[in-house]
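Trainee: In the UniProt record's numbering, the protein residues as written are 1 to 143.
Treat the hints with care, since some could be wrong.
Once the Cα atoms are required to be at most 25 Å apart in a straight line, the calculated DMTMM-like pairs of lysine to aspartate or glutamate come out as [stated by the list, open to error]:
{"#": "1", "residue 1": "LYS6", "residue 2": "ASP29"}
{"#": "2", "residue 1": "LYS3", "residue 2": "ASP58"}
{"#": "3", "residue 1": "LYS3", "residue 2": "ASP39"}
{"#": "4", "residue 1": "LYS81", "residue 2": "ASP15"}
{"#": "5", "residue 1": "LYS110", "residue 2": "GLU72"}
{"#": "6", "residue 1": "LYS51", "residue 2": "GLU137"}
{"#": "7", "residue 1": "LYS6", "residue 2": "GLU72"}
{"#": "8", "residue 1": "LYS51", "residue 2": "GLU107"}
{"#": "9", "residue 1": "LYS51", "residue 2": "ASP27"}
{"#": "10", "residue 1": "LYS117", "residue 2": "ASP15"}
{"#": "11", "residue 1": "LYS117", "residue 2": "ASP105"}
{"#": "12", "residue 1": "LYS117", "residue 2": "GLU107"}
{"#": "13", "residue 1": "LYS51", "residue 2": "ASP105"}
{"#": "14", "residue 1": "LYS81", "residue 2": "ASP68"}
{"#": "15", "residue 1": "LYS3", "residue 2": "ASP27"}
{"#": "16", "residue 1": "LYS110", "residue 2": "ASP39"}
{"#": "17", "residue 1": "LYS3", "residue 2": "ASP15"}
Using C-beta positions, here's what the derived DEER-type ranges look like [claimed, not checked]:
{"#": "18", "residue 1": "ASP68", "residue 2": "TRP143", "range": "39 to 45 Å"}
{"#": "19", "residue 1": "ASP39", "residue 2": "ALA17", "range": "19 to 25 Å"}
{"#": "20", "residue 1": "ARG8", "residue 2": "GLU132", "range": "23 to 29 Å"}
{"#": "21", "residue 1": "GLY40", "residue 2": "ASP121", "range": "33 to 39 Å"}
{"#": "22", "residue 1": "LEU126", "residue 2": "LEU101", "range": "29 to 35 Å"}
{"#": "23", "residue 1": "SER23", "residue 2": "LEU101", "range": "22 to 28 Å"}
{"#": "24", "residue 1": "LYS135", "residue 2": "ARG8", "range": "37 to 43 Å"}
{"#": "25", "residue 1": "SER7", "residue 2": "LYS51", "range": "32 to 38 Å"}
{"#": "26", "residue 1": "ASP68", "residue 2": "ARG122", "range": "40 to 46 Å"}
{"#": "27", "residue 1": "GLU132", "residue 2": "LEU31", "range": "27 to 33 Å"}
{"#": "28", "residue 1": "THR140", "residue 2": "ARG75", "range": "53 to 59 Å"}
{"#": "29", "residue 1": "ARG75", "residue 2": "GLU132", "range": "48 to 54 Å"}
By construction, these hints were calculated from the structure, which means they are not laboratory data.
The model shown is predicted, which means the values in this text are computed figures rather than measured ones.
Even glycine gets a Cβ: it sits at the ideal position worked out from N, Cα and C.
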Amino acid sequence: MSKVIKSRNLMVFFDMAYQGYASGNCDRDALAVRMFIEDGLRIALAQSFAKNMWLYGDRVVAFTMVCDSNEEAQRVLSLLKILIRPTYSNPPVHGARIAGLVVTDPELNKHWVGEVKGMADRILGLRTRLREGFKKEGSTRFW
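Produce the complete structure using the sequences and hints provided.
Mentor: Here's what the structure looks like:
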């Protein structure tokens with residue numbers, strides 16, 4: 001897929017609101033992002049930590065753009081500042097501080113990674129039970 005995107009000079013936008021919930025592993029769920037970057041593609045990445053860190057209402061988000069050069073990165077940053085300023089002046093910092101602590105403290109990070117895995121396993125289990133329930137009721141669809 002990245003070859004086609006590169007040949008057409010397209011840019012990819014990744015939305016990672018549920019990182020870790022697909023596989024139970026945050027690093028594994030980011031594999032596509034890393035592969036596209038390694039293939040030399042410019043990407044935009046929006047990440048929300050509201051769900052996987054249970055920080056609802058704290059607006060803990062990150063927006064990342066991979067650029068071709070430092071000069072391009074400075075231009076993009078300048079434009080983003082212009083776009084962001086009217087939206088919010090000073091976003092709340094409470095949730096960002098919590099998230100920063102969780103990802104940098106080894107003990108807290110280990111606990112958080114375990115909780116994300118537990119939630120992902122629960123979601124996958126519920127999906128399996130739902131699929132089995134559909135089949136039991138005679139569904140002929142491919143679930």
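Trainee: A separate judgement is required for each hint: does it hold in the structure or not?
Mentor: Do the hints match the structure? See the list:
{"no.": "1", "hint": "LYS6 - ASP29", "in the structure": "holds (22 Å)"}
{"no.": "2", "hint": "LYS3 - ASP58", "in the structure": "violated (38 Å)"}
{"no.": "3", "hint": "LYS3 - ASP39", "in the structure": "holds (8 Å)"}
{"no.": "4", "hint": "LYS81 - ASP15", "in the structure": "holds (20 Å)"}
{"no.": "5", "hint": "LYS110 - GLU72", "in the structure": "violated (36 Å)"}
{"no.": "6", "hint": "LYS51 - GLU137", "in the structure": "violated (32 Å)"}
{"no.": "7", "hint": "LYS6 - GLU72", "in the structure": "holds (18 Å)"}
{"no.": "8", "hint": "LYS51 - GLU107", "in the structure": "holds (20 Å)"}
{"no.": "9", "hint": "LYS51 - ASP27", "in the structure": "holds (16 Å)"}
{"no.": "10", "hint": "LYS117 - ASP15", "in the structure": "holds (20 Å)"}
{"no.": "11", "hint": "LYS117 - ASP105", "in the structure": "holds (18 Å)"}
{"no.": "12", "hint": "LYS117 - GLU107", "in the structure": "holds (16 Å)"}
{"no.": "13", "hint": "LYS51 - ASP105", "in the structure": "holds (20 Å)"}
{"no.": "14", "hint": "LYS81 - ASP68", "in the structure": "holds (19 Å)"}
{"no.": "15", "hint": "LYS3 - ASP27", "in the structure": "holds (23 Å)"}
{"no.": "16", "hint": "LYS110 - ASP39", "in the structure": "violated (30 Å)"}
{"no.": "17", "hint": "LYS3 - ASP15", "in the structure": "holds (20 Å)"}
{"no.": "18", "hint": "ASP68 - TRP143: 39 to 45 Å", "in the structure": "holds (43 Å)"}
{"no.": "19", "hint": "ASP39 - ALA17: 19 to 25 Å", "in the structure": "holds (24 Å)"}
{"no.": "20", "hint": "ARG8 - GLU132: 23 to 29 Å", "in the structure": "violated (41 Å)"}
{"no.": "21", "hint": "GLY40 - ASP121: 33 to 39 Å", "in the structure": "holds (35 Å)"}
{"no.": "22", "hint": "LEU126 - LEU101: 29 to 35 Å", "in the structure": "holds (30 Å)"}
{"no.": "23", "hint": "SER23 - LEU101: 22 to 28 Å", "in the structure": "holds (25 Å)"}
{"no.": "24", "hint": "LYS135 - ARG8: 37 to 43 Å", "in the structure": "holds (41 Å)"}
{"no.": "25", "hint": "SER7 - LYS51: 32 to 38 Å", "in the structure": "holds (35 Å)"}
{"no.": "26", "hint": "ASP68 - ARG122: 40 to 46 Å", "in the structure": "holds (41 Å)"}
{"no.": "27", "hint": "GLU132 - LEU31: 27 to 33 Å", "in the structure": "holds (28 Å)"}
{"no.": "28", "hint": "THR140 - ARG75: 53 to 59 Å", "in the structure": "holds (54 Å)"}
{"no.": "29", "hint": "ARG75 - GLU132: 48 to 54 Å", "in the structure": "holds (53 Å)"}
Taken one by one, the earlier hints fail for this structure at numbers 2, 5, 6, 16 and 20, listed in ascending order.
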